[in-house]
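Number of protein chains: 2
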Amino acid sequence: MTENSQLTLNVYCKHINDALKALTADRPYLRENIVEAMEYSLMAGGKRLRPVLMMEFCRMCGGNAADIVDLACSIELIHTFSLIHDDLPCMDDDDFRRGKPSCHKQFGEATALLAGDALNTLAFEVIAEAAMSDKISPQAAVMLVSVLSKAVGVNGMIGGQIIDLAAEGRQISLDELDLLQQNKTGALIEAACVMGVVIAGKYDMIPAAAEYAGYLGRAFQIVDDILDVTGSFEELGKPIGSDAEQDKSTYVTALGIEGAQQEADRLTESALNVLRQFEDHDFLFELTKDLLHRRS
Amino acid sequence: MTENSQLTLNVYCKHINDALKALTADRPYLRENIVEAMEYSLMAGGKRLRPVLMMEFCRMCGGNAADIVDLACSIELIHTFSLIHDDLPCMDDDDFRRGKPSCHKQFGEATALLAGDALNTLAFEVIAEAAMSDKISPQAAVMLVSVLSKAVGVNGMIGGQIIDLAAEGRQISLDELDLLQQNKTGALIEAACVMGVVIAGKYDMIPAAAEYAGYLGRAFQIVDDILDVTGSFEELGKPIGSDAEQDKSTYVTALGIEGAQQEADRLTESALNVLRQFEDHDFLFELTKDLLHRRS
Numbered sequence: 438m439t440e441n442s443q444l445t446l447n448v449y450c451k452h453i454n455d456a457l458k459a460l461t462a463d464r465p466y467l468r469e470n471i472v473e474a475m476e477y478s479l480m481a482g483g484k485r486l487r488p489v490l491m492m493e494f495c496r497m498c499g500g501n502a503a504d505i506v507d508l509a510c511s512i513e514l515i516h517t518f519s520l521i522h523d524d525l526p527c528m529d530d531d532d533f534r535r536g537k538p539s540c541h542k543q544f545g546e547a548t549a550l551l552a553g554d555a556l557n558t559l560a561f562e563v564i565a566e567a568a569m570s571d572k573i574s575p576q577a578a579v580m581l582v583s584v585l586s587k588a589v590g591v592n593g594m595i596g597g598q599i600i601d602l603a604a605e606g607r608q609i610s611l612d613e614l615d616l617l618q619q620n621k622t623g624a625l626i627e628a629a630c631v632m633g634v635v636i637a638g639k640y641d642m643i644p645a646a647a648e649y650a651g652y653l654g655r656a657f658q659i660v661d662d663i664l665d666v667t668g669s670f671e672e673l674g675k676p677i678g679s680d681a682e683q684d685k686s687t688y689v690t691a692l693g694i695e696g697a698q699q700e701a702d703r704l705t706e707s708a709l710n711v712l713r714q715f716e717d718h719d720f721l722f723e724l725t726k727d728l729l730h731r732r733s
Numbered sequence: 438m439t440e441n442s443q444l445t446l447n448v449y450c451k452h453i454n455d456a457l458k459a460l461t462a463d464r465p466y467l468r469e470n471i472v473e474a475m476e477y478s479l480m481a482g483g484k485r486l487r488p489v490l491m492m493e494f495c496r497m498c499g500g501n502a503a504d505i506v507d508l509a510c511s512i513e514l515i516h517t518f519s520l521i522h523d524d525l526p527c528m529d530d531d532d533f534r535r536g537k538p539s540c541h542k543q544f545g546e547a548t549a550l551l552a553g554d555a556l557n558t559l560a561f562e563v564i565a566e567a568a569m570s571d572k573i574s575p576q577a578a579v580m581l582v583s584v585l586s587k588a589v590g591v592n593g594m595i596g597g598q599i600i601d602l603a604a605e606g607r608q609i610s611l612d613e614l615d616l617l618q619q620n621k622t623g624a625l626i627e628a629a630c631v632m633g634v635v636i637a638g639k640y641d642m643i644p645a646a647a648e649y650a651g652y653l654g655r656a657f658q659i660v661d662d663i664l665d666v667t668g669s670f671e672e673l674g675k676p677i678g679s680d681a682e683q684d685k686s687t688y689v690t691a692l693g694i695e696g697a698q699q700e701a702d703r704l705t706e707s708a709l710n711v712l713r714q715f716e717d718h719d720f721l722f723e724l725t726k727d728l729l730h731r732r733s
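Those sequence lines, one after another, are chains Z and D. Residue numbering for the first sequence follows our numbering, beginning at 438 and increasing consecutively. Residue numbering for the second sequence follows our numbering, beginning at 438 and increasing consecutively.
For reference, chain Z alone in the conformation it holds in the complex (with noise of 0.2 Å):
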């Protein structure tokens, strides 16, 4: 990534993670507690993956990135609200996430659960407060609620999970993890794109959006499934394949990971060839290249 997109990249974070403090910071809340605990997996330190795309789809189609920075924090509160959900004993029951203890670890697992459920609403609180102070009009909030919801619901994100569940402890076939994959991580990085070509209101290009969102996610997918076995390989200095988790069917397990590799690299370039049918495309072409080549 050239040293311009880099700041580019920065400028973004700081503008979403400022945000995400300001939505939980500033409203006076009945107990602390809970807002504690949202506020801690928040800025837990993602990648802000989802709410950069919004924000740089938004801009490609004529918008103004700054400007739907709340909009944008959206879909960052409903990836941590289920990565919460996910990380709870019933789930994956998963004691850290990102290096510190995961939010029931730190908090309870009743405050965890509301913490979760709190941030899954207020997404579509952020966007309705949007369109009530003009920022979008109604029409624009109501397509966003739309497709927000759908991508979160049982046919989306929650609908991955489900599949996920009953996947567990077995090998399932290509298509299957596709289809995972493409309800549990890739269901809410199209309604990312998407939402941003909307907030534009360029509505012809939200094909192309999601598009790009497909090759994408499933790129991304692929290249986290080789970094766990080729990190867990690095950082343990264990043979690939022998941790606790290699039950589980991963891109890596079905292709190999030369094939997976390849995979991933056709995918990317497909996702690149997409992009080029938006102006101005060149911060999100190198964030593309860098997200497959990135080490963790």
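Among the hints, a few may not be true.
A pair counts as met if it fits within one copy or between any two copies, since identical chains are not told apart.
[Unchecked claim] Mimicking DSSO-like on lysine-lysine, the simulated pairs with C-alpha atoms at most 27 Å apart in a straight line are:
1. K639 / K726
2. K458 / K685
3. K537 / K639
4. K572 / K587
5. K458 / K484
6. K537 / K587
7. K572 / K685
8. K685 / K451
9. K458 / K726
10. K639 / K572
11. K685 / K537
12. K726 / K451
13. K639 / K685
Derived by calculation from the structure, the hints in this document are not laboratory data.
Given chain Z's structure and the hints, the job is docking chain D onto it.
Chain D in isolation, oriented as in the chain Z frame:
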């Protein structure tokens, strides 16, 4: 309640139950499992108080109640999501709900968690869809999303659940009990009434609807607390207050049974007085009195 009012209530409930079933049944879902869990809890036989209130306030303000049954379901989706999550082991750990195994006992904890999450999101999808299909204006939809999301969030129902958790195992003051009730159950009842007025577009009646809801919500909770004591007394033939939850603060522990009954009477009278500001209020007048004298 007169025969005529009972008939009206039955018609309302039939409409609501049909619409709730259609909301889960009519869609192509990825996984049957979670939809079964959602439907199981939705159809477990609630009073449908909140959607009935929304439809009736809409009708009293000049709207058509039958046209907004899907919107009325949005609040029942939220109510059901809160019950499912409330019953989870990390919350109240209830094995039964309305005489049937609770959602997580029937479908497992993970599916129950996700079913609750999906119902939360579906409520907002339903509102967006009503605007997308021109049943309501985008402006009205934005107001509904705003009212509902605020009623659910940390300054509403979820805030009340947090206060409830913090109150566990200790006696709380009447003021704290009021704050708990106003948030945990009152906020959603108020949202139901206000949303009905918003849909009808008679915004000047919002304060009256909110005032009515405040009285009704508190009276409803007091009667619940009385029934919890007299109900278990009648059922088990044991002295009042000897059950396992005797440490829990309720309006009965705070005011005594007689004092609680008097307070419920007073609040119901206040609610009925506010109702007189609405034209054609006979049905809701009777329903309100009925809720005070209910036996379950």
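Hint check:
{"no.": "1", "hint": "K639 / K726", "result": "within (25 Å within a copy, 54 Å between copies)"}
{"no.": "2", "hint": "K458 / K685", "result": "neither (36 Å within a copy, 36 Å between copies)"}
{"no.": "3", "hint": "K537 / K639", "result": "neither (40 Å within a copy, 50 Å between copies)"}
{"no.": "4", "hint": "K572 / K587", "result": "both (23 Å within a copy, 19 Å between copies)"}
{"no.": "5", "hint": "K458 / K484", "result": "within (15 Å within a copy, 40 Å between copies)"}
{"no.": "6", "hint": "K537 / K587", "result": "neither (31 Å within a copy, 30 Å between copies)"}
{"no.": "7", "hint": "K572 / K685", "result": "neither (45 Å within a copy, 46 Å between copies)"}
{"no.": "8", "hint": "K685 / K451", "result": "neither (36 Å within a copy, 46 Å between copies)"}
{"no.": "9", "hint": "K458 / K726", "result": "neither (29 Å within a copy, 46 Å between copies)"}
{"no.": "10", "hint": "K639 / K572", "result": "both (16 Å within a copy, 25 Å between copies)"}
{"no.": "11", "hint": "K685 / K537", "result": "within (24 Å within a copy, 35 Å between copies)"}
{"no.": "12", "hint": "K726 / K451", "result": "within (22 Å within a copy, 55 Å between copies)"}
{"no.": "13", "hint": "K639 / K685", "result": "neither (41 Å within a copy, 56 Å between copies)"}
Of the numbered hints listed earlier, those contradicted by the structure are 2, 3, 6, 7, 8, 9 and 13.
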